[in-house]
Amino acid sequence: MSTQETLHNKVWNEHVVVAETPDSPAVLYVDLHIIHEVTTPQAFSLLREKTLPVRHPELVLATMDHSTPTTPVSSFKDLEIVGAGVARQIRQMEKNCQEFGIELLGFGSSSRGIVHVIGPELGATQPGKTIVCGDSHTSTHGAFGALAFGIGTTEVGHVFATQCLLQRKPKTFEIRVEGKLPVGVTAKDLILAIIREIGVNGGAGYVIEYRGSAITAFDMESRMTVCNMSIEAGARAGMIAPDDTTLNFLHGLPRAPQDADWDVAVTRWNELRSDDGAKFDKSVTFAAHEMQPMVTYGTNPGMVIGINEAIPDKRSDPSFRKALDYMQLEVGKPMTEYVVDVVFIGSCTNSRLSDLQAAANVVKGRKIAEGVRMLVVPGSQQVKQKAEALGLDRIFTAAGAEWREPGCSMCIGMNGDIAGKGQLTVSTSNRNFEGRQGVGARTVLASPITAAASALAGKVADPRAYLQE
Amino acid sequence: MEAITIIRSRTVVMPTKDIDTDQIIPARFLTTISREGLGKFLFNDLRLDDQGRINKDFVLNQPDASGCEILVGGNNFGCGSSREHAPWALLDYGFKAVVSTEIADIFTHNSLKNGFLPIVVDTDTHTTLLEHPGMEITIDLAMQKLTLDDGTAVKFPIDAFSRDCLLQGIDQLGYLQQQLAAIEKFEESRSWKP
Ligand code: SF4
Numbered sequence: 001m002s003t004q005e006t007l008h009n010k011v012w013n014e015h016v017v018v019a020e021t022p023d024s025p026a027v028l029y030v031d032l033h034i035i036h037e038v039t040t041p042q043a044f045s046l047l048r049e050k051t052l053p054v055r056h057p058e059l060v061l062a063t064m065d066h067s068t069p070t071t072p073v074s075s076f077k078d079l080e081i082v083g084a085g086v087a088r089q090i091r092q093m094e095k096n097c098q099e100f101g102i103e104l105l106g107f108g109s110s111s112r113g114i115v116h117v118i119g120p121e122l123g124a125t126q127p128g129k130t131i132v133c134g135d136s137h138t139s140t141h142g143a144f145g146a147l148a149f150g151i152g153t154t155e156v157g158h159v160f161a162t163q164c165l166l167q168r169k170p171k172t173f174e175i176r177v178e179g180k181l182p183v184g185v186t187a188k189d190l191i192l193a194i195i196r197e198i199g200v201n202g203g204a205g206y207v208i209e210y211r212g213s214a215i216t217a218f219d220m221e222s223r224m225t226v227c228n229m230s231i232e233a234g235a236r237a238g239m240i241a242p243d244d245t246t247l248n249f250l251h252g253l254p255r256a257p258q259d260a261d262w263d264v265a266v267t268r269w270n271e272l273r274s275d276d277g278a279k280f281d282k283s284v285t286f287a288a289h290e291m292q293p294m295v296t297y298g299t300n301p302g303m304v305i306g307i308n309e310a311i312p313d314k315r316s317d318p319s320f321r322k323a324l325d326y327m328q329l330e331v332g333k334p335m336t337e338y339v340v341d342v343v344f345i346g347s348c349t350n351s352r353l354s355d356l357q358a359a360a361n362v363v364k365g366r367k368i369a370e371g372v373r374m375l376v377v378p379g380s381q382q383v384k385q386k387a388e389a390l391g392l393d394r395i396f397t398a399a400g401a402e403w404r405e406p407g408c409s410m411c412i413g414m415n416g417d418i419a420g421k422g423q424l425t426v427s428t429s430n431r432n433f434e435g436r437q438g439v440g441a442r443t444v445l446a447s448p449i450t451a452a453a454s455a456l457a458g459k460v461a462d463p464r465a466y467l468q469e
Numbered sequence: 001m002e003a004i005t006i007i008r009s010r011t012v013v014m015p016t017k018d019i020d021t022d023q024i025i026p027a028r029f030l031t032t033i034s035r036e037g038l039g040k041f042l043f044n045d046l047r048l049d050d051q052g053r054i055n056k057d058f059v060l061n062q063p064d065a066s067g068c069e070i071l072v073g074g075n076n077f078g079c080g081s082s083r084e085h086a087p088w089a090l091l092d093y094g095f096k097a098v099v100s101t102e103i104a105d106i107f108t109h110n111s112l113k114n115g116f117l118p119i120v121v122d123t124d125t126h127t128t129l130l131e132h133p134g135m136e137i138t139i140d141l142a143m144q145k146l147t148l149d150d151g152t153a154v155k156f157p158i159d160a161f162s163r164d165c166l167l168q169g170i171d172q173l174g175y176l177q178q179q180l181a182a183i184e185k186f187e188e189s190r191s192w193k194p
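Same order as they appear, the protein sequences are chains Z and L.
Mapping of the first sequence onto my numbering: position 140 corresponds to residue 140, and the numbering continues sequentially without gaps.
Mapping of the second sequence onto my numbering: position 77 corresponds to residue 77, and the numbering continues sequentially without gaps.
It is worth saying that the hints were derived from the structure and are not from the lab.
Be aware that one or more of the hints could be misleading.
[Claimed, not checked] In the PhoX-like style, the derived pairs of lysine-lysine whose C-alpha atoms are separated by at most 20 Å in a straight line are: (1) 322/Z to 56/L; (2) 10/Z to 193/L; (3) 10/Z to 169/Z; (4) 459/Z to 333/Z; (5) 364/Z to 386/Z; (6) 96/L to 145/L.
My request is simple: use the sequences and hints to build the entire structure.
See the structure below:
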């Protein structure tokens, strides 16, 4: 039979345990379940209530990142500083993992970090796997050709108990990006531009496959940045077909297949691409050379403009008025006119080594502006160690920035790292929602180099003026 | 879980588009290890000012809102974070359903698993609801029908399987556990192991 399949359909079909009917969803098998302290306690409680074990503890990758502080902590006493709730949640995570036989990459582990950073860097994230986590940015792992999506806590319980989920098959959405991105324009700018174009619900009901020469030219870290923000377009997942770049990244990583198993896996992975002529339910194409550095001005990731563009006038829309009110910004002005209070470099979108290197190259030998607080938060212990071996920590601290312990930090204001009311933060994270980075905090999403340039300028800044060798 | 059949209530209207789960319950309240008692944090930063005082202008604080079980939200309700704390908080506060023109994917999944109804209607019906806050409407889950106070009725889509589980008060985990033989067979027969 000569049917042309999409990448998504190939991975989906391989994991169907019980087929979907009009009356019942498919039972879909899960290969890797990543968990953290915030969205799992109630799922473990469910197991206890029903006296169920975790079916495959060896398929669970557990760490702590969301509510963990990014100031160095060596003991639980330190944790109490962030709050009793946080301390209790972290203790509960340790207890839960121990009780259910799950290995926890917790405090003291040199592998601890943000869920979506450690999966790939350990080699646990692999092409063709189904990967889920109680966190919407699980879409990140799709950069390896995995089908990866966020789930709720009840579903976390389902996967614990059965290693399966009840799912309806999503539709497929092809996003092609052809050509070459100009200097100073990054994967983050590209995905912000895509979300502006298709809208924050443009991907609803779909799995996006990113294709085209600009995508294949990206390294794995840039691909992860793109797939990470698929959820900000409302998509269930984002995927990129594996290629040599993927294989080179994975080869030799501790949890990747080794030796003879590697060769077998590679043969299987080489099949994982959309066949020529495969049909997508929807398709759009972007020209990479037209892209520019992008920033958000509003309170959702679709409210995006080019760095030198003026805030558009959509005042007839009450949601727009509410957003601009909250952001205290004016129609017709570019973001470069606004003073910056905080700069945050981190999160599962942009906290990998190449992100930190790009930001360090901008601030190297320079000082951040008076009155600006800059936090640099590596995505994992491994990223932190590698960055320190390259001296990046010293570049940042010499410029006046803070170099922190790994974690979600200011991406989600629940671990002690927040911006104050009314403070404008240029952030490399993924959500500029009201209150996301602290009550009344105003978030501008941008790339690591735009964030770094803004720290130097003390205003939102075009990174192209600050690039150095 | 309790079976759901019919919900009849006056509505509370929040017309803003893209109401995300961070607004529904801010992250700093997610340090809980329980699913109980989250209603007091629902829309916390809209309901209360920064001194913790009641914000009288906010729709949920109006006298008319008390006792309402149906929320009418702007397009793309529940987008953003996958936190199930969002439907938990809505339910605990007393809401049983949200009506919008579009409801985000993960939020829909989470809601259906907790007996909170995500109801998607056409733009005309939505506009009528937005323009008439407090209207008494009826949601009939079995018939998949929403009826306005003048008797106009519209069908709404809902995943058939979730609907049947909710109508009978069945927990989806129970259904999954019944598939255990198929799961075991799948695990034994697949050509590669994760
Ligand atoms: S960095 Fe932010 S988006 Fe990423 S996993 Fe942590 S909280 Fe979620």
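Hint check results:
no., hint, verdict
1, 322/Z to 56/L, "holds (17 Å)"
2, 10/Z to 193/L, "holds (17 Å)"
3, 10/Z to 169/Z, "holds (12 Å)"
4, 459/Z to 333/Z, "holds (13 Å)"
5, 364/Z to 386/Z, "holds (17 Å)"
6, 96/L to 145/L, "holds (15 Å)"
Comparing the model with each earlier hint shows no violations; every hint is respected.
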